[in-house]
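Number of protein chains: 2
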Amino acid sequence: MKIIDISLPLNNQTPVYPGNVSLSVSIHHAIPEHATQLSTITMGSHTGTHIDAPAHAVAGAMTLDKIPLENFIGPCRVFDLSKEDDEAVTKKMLEDKNVKKGERILLKTRNSLRGLKEFYDDYVYLDGDAADYLAGISVMLVGIDALSIKKRGGDDHRPHTSLLSKNIPIIEGLNLTNVSEGSYELFCPPLNFTNIDGAPTRAVLIQHA
Amino acid sequence: MKIIDISLPLNNQTPVYPGNVSLSVSIHHAIPEHATQLSTITMGSHTGTHIDAPAHAVAGAMTLDKIPLENFIGPCRVFDLSKEDDEAVTKKMLEDKNVKKGERILLKTRNSLRGLKEFYDDYVYLDGDAADYLAGISVMLVGIDALSIKKRGGDDHRPHTSLLSKNIPIIEGLNLTNVSEGSYELFCPPLNFTNIDGAPTRAVLIQHA
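The listed protein sequences derive, respectively, from chains A and B. Under numbering that gives the first Met the number 0, residues 0 to 208 are what the first sequence spells out, in order. Under numbering that gives the first Met the number 0, residues 0 to 208 are what the second sequence spells out, in order.
Check before you lean on any hint, since a few could be wrong.
Treat identical chains as interchangeable: a pair holds within one or across any two.
What the hints assert, rightly or not - Below, computed lysine to aspartate or glutamate pairings styled on EDC-like, alpha-carbon distance capped at 20 Å:
(1) Lys96 x Glu180
(2) Lys65 x Asp155
(3) Lys1 x Glu86
(4) Lys1 x Asp64
(5) Lys1 x Glu184
(6) Lys65 x Asp4
Derived from the structure by calculation, the hints contain no laboratory data.
Using the sequences plus the hints, can you model the full thing?
Spelled out as structure tokens, the structure:
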């Protein structure tokens, strides 16, 4: 069994999507003045590798704690689209993969080759028709290696709204640099916040030999 | 496959260990003024269900990111000690369970029956001799259903130091109310913070039918 970490590192240098709360970590108290060291963390609910709950983009929709843990745990497929030149992941690319109902789908794009040490505007995103396509199939989860699944500043909100209005959670901020196309076991249950729009997670893939 | 959530809920009512940073969640911006809802989270590194890294109690020791993910993912045993009257989990109780090197051990005590909606001083903890015993066996992880593995205000720091000085991470704040004694698969990798003393995690057990 091989464990592959697909989470971004979290620290004071972690980039956040513009307009989001900055990530800040500081020492609350330390050894030897105290018997233990404790830190204070301030962050946005959509920091690093994180889950978007329906309430993130659909008024009055499900908060994170209402999504079954099954959506976050189980078989998944990673599609390697990092050789594609398009600015977005398209419906056509997904049709070629024969996506089925109930699948957990992670999209590896050029973003994973570029890395995410700094935020950049021209990240590869999911286009609106592709989001409608996945929502129509009723997949269980969609993930991407960008801090947002939607085009930076774009007016087409379907990458959020088509998926989230069908209660399909989205995982953003994946690090798929070292992951090949294929089938894995995914574990990415988010922190157990109640009544929230999203939360960070430690996402890992398990590959069985 | 059954997924059992063993994590405490996180919100503005979540109790924290005295002296720790309070947990606070608030709306950063909301729909319809913005296209999305985002929240701001402030919390301590040892909030709710969380991992203690060696650096939590041993000056200069390993931070969380240096612990292999294998410590947090794999087979585990839950010991149901909730019928015991002692104020602590003792070496004798553990000897009776035949603990072996490399095991992940979760301790269910009366705390799980009492619940953790409020903090209380007289929680069941691990005693120093019992901690030495587990450290001597070189288990891979130790968990307990209290916000600290150490007696409240106690001078015996071995429940932290014996385990952490051997790079055995501790998971605290487990909710084992609905978990029976037995063998499970444990998944509790913490948030991917670098150079930190500990971090929250979403801990789950998988039970195969």
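Verification of the hints:
1. Lys96 x Glu180: For Lys96 and Glu180, only the intra-copy Cα distance (11 Å) is at most 20 Å; the inter-copy one is 43 Å.
2. Lys65 x Asp155: neither (26 Å within a copy, 41 Å between copies)
3. Lys1 x Glu86: neither (32 Å within a copy, 40 Å between copies)
4. Lys1 x Asp64: between (29 Å within a copy, 18 Å between copies)
5. Lys1 x Glu184: both (10 Å within a copy, 15 Å between copies)
6. Lys65 x Asp4: between (26 Å within a copy, 13 Å between copies)
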